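Please build the complex by placing chain B on the supplied structure of chain A, with the hints as guidance.
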Amino acid sequence: QKEVEQDPGPLSVPEGAIVSLNCTYSNSAFQYFMWYRQYSRKGPELLMYTYSSGNKEDGRFTAQVDKSSKYISLFIRDSQPSDSATYLCAMSVGGSYIPTFGRGTSLIVHP
Amino acid sequence: DSGVTQTPKHLITATGQRVTLRCSPRSGDLSVYWYQQSLDQGLQFLIQYYNGEERAKGNILERFSAQQFPDLHSELNLSSLELGDSALYFCASSPLGEPYEQYFGPGTRLTVT
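As given, the protein sequences belong to chains A and B, one line each in that order. Oh and the first sequence: position 23 is 23 in the working numbering, straight run, nothing missing. Oh and the second sequence: position 51 is 51 in the working numbering, straight run, nothing missing.
Since the hints were derived computationally from the structure, they do not count as laboratory data. Owing to the predicted nature of the structure, the values given are computational and were not obtained by experimental measurement. Hints may contain errors.
[To be verified] Partial chain A-side listing against chain B, Cβ under 8 Å, derived:
| hint | residue |
| --- | --- |
| 1 | Tyr32 |
| 2 | Gly43 |
| 3 | Pro44 |
| 4 | Glu45 |
| 5 | Leu46 |
| 6 | Lys56 |
| 7 | Ser92 |
| 8 | Ile98 |
| 9 | Pro99 |
| 10 | Phe101 |
[Stated by the list, open to error] Calculated lysine-lysine pairs in the DSSO-like style (CA-CA distance at most 30 Å, straight line):
| hint | chain 1 | residue 1 | chain 2 | residue 2 |
| --- | --- | --- | --- | --- |
| 11 | B | Lys9 | B | Lys57 |
| 12 | A | Lys56 | B | Lys9 |
| 13 | A | Lys2 | A | Lys56 |
| 14 | B | Lys9 | A | Lys42 |
| 15 | B | Lys57 | A | Lys67 |
| 16 | B | Lys57 | A | Lys2 |
| 17 | A | Lys56 | A | Lys67 |
| 18 | A | Lys70 | A | Lys2 |
| 19 | A | Lys2 | A | Lys67 |
| 20 | A | Lys70 | B | Lys57 |
| 21 | A | Lys2 | A | Lys42 |
| 22 | A | Lys42 | A | Lys56 |
| 23 | A | Lys70 | A | Lys56 |
Yeah, the Cβ is synthetic: ideal placement off N, Cα and C, and Gly gets one too.
Chain A with its partners taken away, still in its complex shape (with noise of 0.2 Å):
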C-alpha cells in the first residue's frame, strides 16, 4: 500500500460544476496537508496548505482535512476549462519539511 493514494482519473466535469479531489493515506502521523495544481509540462503550482485537521478556503477553493479517516480533499467551485490540470495531494510529517506527494488526479473541465 502506498502512502498516499490518489485516484489518477480522468475525472471530466462540465463548466460551472463543483468538484471534489480526494487523497486517503496511510501514515498517521501526517500533519501538513497540500495541494498542488499541474498543467501539462509545467512545474507544480502550490495552491494552499493547511496544518492537521479542519477547513480552509481560498477563493474557490476550499482544501478539507479528516484526520480520523486519514482522507483529504480539494473542493473547486464554479469550476472553470482553465482549471484543468492535474491536482497533486501531498502530506509531510511535523518536524519534516519534506512532502510525500500522491500519484495525482487529472482534471478537465468542458465548456
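Relative to the frame of chain A, chain B by itself:
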C-alpha cells in the same frame, strides 16, 4: 511564473554520460529542493539544501549529487546515466519560515537514450 528558474529546459544524452542541472531559487529563498517526476514513480523528493548546507535526503541515488553555492543557486549532478533516469527534474524553493510553501521551477526534461 514562480520566480524559480531552471536550465536547461531539455537535455538529451546517452547512457553512461554525466549531466548538470541548474536551479536559481526565488529572490530571498534560502531553501532549495530537488524532485524527480516520472510516469512510474510520480513526484519524488531527492534532496534539500538550506543556505549551502544539505538538510535532508530522500530517494536520491548514489550516482546523483547536488550542491548549493554561496549565491544560493543549486546544481544537481547526474552521472553514469541509465535509461531509467529519463524524467522531469524539478527544483523548488521556499521562503524563510514557510517550509511548506514550496515554489517549483519549470523543470528540466532529461531524456537518456
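TODO: Of all the hints given earlier, name the ones this structure violates by number, lowest first.
DONE: Result: hints 6 and 12 break, sorted rising.
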